[in-house]
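Engineer: Each residue of the sequence shown is one higher than the one before, counting from -11 in our numbering.
Do not rely on the hints blindly, as some may be mistaken.
So the derived label-pair ranges between C-beta atoms look like this [said to hold, decoys possible]:
#, residue 1, residue 2, range
1, Ala27, Pro681, 58 to 68 Å
2, Asp653, Val773, 29 to 39 Å
3, Arg637, Pro606, 25 to 35 Å
4, Pro681, Asn288, 43 to 53 Å
Keep in mind that the hints were calculated from the coordinates and are not lab data. A virtual CB, placed ideally from N, CA and C, is assigned to each residue, including glycine.
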Amino acid sequence: MLLKRLRLALATGLIGLAVSIGGGVTAQAVDAPSPRVRALLERMTLDEKIGQLNQIPGGRQRALNSRLDAAALERVRRGEIGSFLHVAGAAQIRELQRIAVEESRLGIPLLFGMDVVHGYRTLFPVPLALAASWDPGLMEQTARVAAVEATAAGLNWTFSPMVDIARDPRWGRVVEGPGEDPYLGSILATAQVRGYQGTSLADPGSILATAKHFVGYGAAEGGRDYDSADISDRTLHEVYLPPFYAAASAGAGSMMTAFNDIGGVPLTAHPALVRGLLREQWGYQGLIVSDWNAIPELLNHGVAATPQEAGALALRGGVDMDMAGNLYSAHLKGAVEADPTLLPLLDQAVIAVLTAKERLGLFAAPYARADPAREAAAMLTPEHRALAREAARRSIVLLKNEGDLLPLATTARRIAIIGALAEDANSSLGSWRAQGKVEDVRPLIPALREALPQATFTYAQGYRPEAAPTIAVTAAGEGAQGVREVSDAEALAEAVATANAADLVLLVVGEHFDRSGEARSYTDIGLSAAQDALAAAVLDTGKPVVVILMNGRPLAIPELARRAPAILETWFLGVESGPAIADILTGRASPGGRLPTGFPRASGAAPLTYAHLPTGRPASEDLARDTARYRDQPITPLFAFGHGLSYGRFDYSDLRLSQTEVAPDGRVEISVTVRNTSSVAADEVVQLYVRDPVAAIARPVQELRGFRRVAFAPGEAKRIRFILTPAQVALWSEDGWRITSGEIQVMVGASSADIRARTAFTVTSDGVSAIPAAAIPTSSSEEPVS
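The task is simple: from the sequences and hints, build the whole structure.
Structural biologist: See the structure below:
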């Protein structure tokens, strides 16, 4: 079947299209080992080959370089280590690289990797927040700054971007990814790879990107990290694989296999998906690394009885490098000696590692990324801080704004700030902080005092997100006299008194940073009971309340959504968190972020997605009918995918198609006029959705297939154009990607739940494609309308 699909793709010329999508450095750039790599391979002993596949931690995430002892250095000299992780610092890395290049037999340089997920020293918003910007250019810029800073510290490899699609917010790692939609995820994956790797990996300011976790990690059952993902072949191809295809097409230099299994086959040992689909069908030539200790964990999965078997399974599955497991190092030699058919696979893995090092320019200039002077000059520059502030502003989502409570009126004089997260600079950094430091963060309260010097601010901590048994309460503002410990009851009374004495309340609630992230799965994704009580007591005062959410996942907050007049989703925004929030609150910038994932009404309503199938009994609000819904909750999400308000108002009109009939290899232009009808400069994210209403198989009720974030002056109108191809509405079948004839409905609007205009075109005949439909970018443009 695979060969049949490849012949079909070659016959239709679609393989060439697959190579070209994304531009920049292509994943297919290296078709055969270079003379240098071939020569090294011929000289290497079996032990030296296995050494290149061995990545060891040189420290811990919060104690970098702490494991670099004499024994580790001696292993470098013997060629037993191909890569370090959790090592950083230009001087330290330069010395390690010197030992590898000058004191080992073959002089092969080392790879140095780290989770540089949303910045190195300049920390930007967490990835889910950046996804809320719906701004690929911004994603590329932030990744570029991360690369510049990380490479200045000597690193040449980042384990980012995480492109896992996640539709269950109980899974803690939703914070690290692009949200629930494969099209948005694919576009953002491409942007991040370009940012990290630049136009040439040999540039000392470029870093090897890693698309992770291949594949289905975000589909873990029950939202439990590391658990099984039991998903259909169609869902795998239509939802979870497209962002990886996009990352590969953009030239991602490495990919990381996922911890999970699919249908009982762990991805660490899945030859059908890794060797078959990724390597053979997609033509991916990059480096494939396991996740942390995942190869030894094949024994826990129950697919290997011994470490030697586990090593053989991982190698056959296509894993080139063993991250932190030390299993290849200890057991792969025995496996190869027992089964010589593994030797060609071992050579392929070594070629992948050496080729990655060559592409990075490490053989020609091993110390180019280890310059202490450059390191000192690169970190947290004014330019990087300015981008961090802009990124934070663009990531904020206005969820609700009854009575136009925001922006804050300049007449507001007494403002209460209530909630421990308001002064929690640590949480602003998020769960992955590389070398970000708490003292780098500009928190909210000082930023508000600077932005509104005419106002008087008072502060009550209330209950902490983690519901600590004793609560500290301080005064915010001039003349604050320190901290005093109080009981829970006193803390709540203090918060209520502070609210009662104010004209307006900013209620800051959400999650502590350590509640989202790896191994942070929860059955309850609402606010803590203590924060619920705090919110209820503050809202009961009757004062105008603006809720500021700080969190790393969608939250189930139905009572807040019902009672609070204004809600601002600010996520964890990085080092410029405070000024960015102040900019939005005061109207210096209008909020333009949109949700990259919907918010459920209750924890029990997850998983959910806007792109669901219609079913034979579509959900109805009429409880007298038996339909696909819960009986105790409305059928809609609390806040829908793509939702976000603005201080501006926008009108959509004159939706047009360039043609109403399109051949399978044709294209159609979809255009709409959008006008800012307000007196406020603001951004609108114009979103394009499609649906195939009648097909051989049931299709989602909506699928995102285009978007454009557009800036508007007051009263300005623009014509927004999208170019769509029938391949972008293809469906996956056992024979590959199929374009089917028939009507395609088109919807344009401000969110998946706020469609402003509809039309349709017809695909005139059937066709084929070789590319995941959601991985094909839709070109867009804008032009002024007089």
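Engineer: Are the hints correct? Go through all of them and say.
Structural biologist: Status of each hint after checking the structure:
no.	hint	result
1	Ala27 x Pro681: 58 to 68 Å	holds, 59 Å
2	Asp653 x Val773: 29 to 39 Å	holds, 31 Å
3	Arg637 x Pro606: 25 to 35 Å	holds, 32 Å
4	Pro681 x Asn288: 43 to 53 Å	holds, 45 Å
Against the hints set out earlier in the document, no violation occurs for any number.
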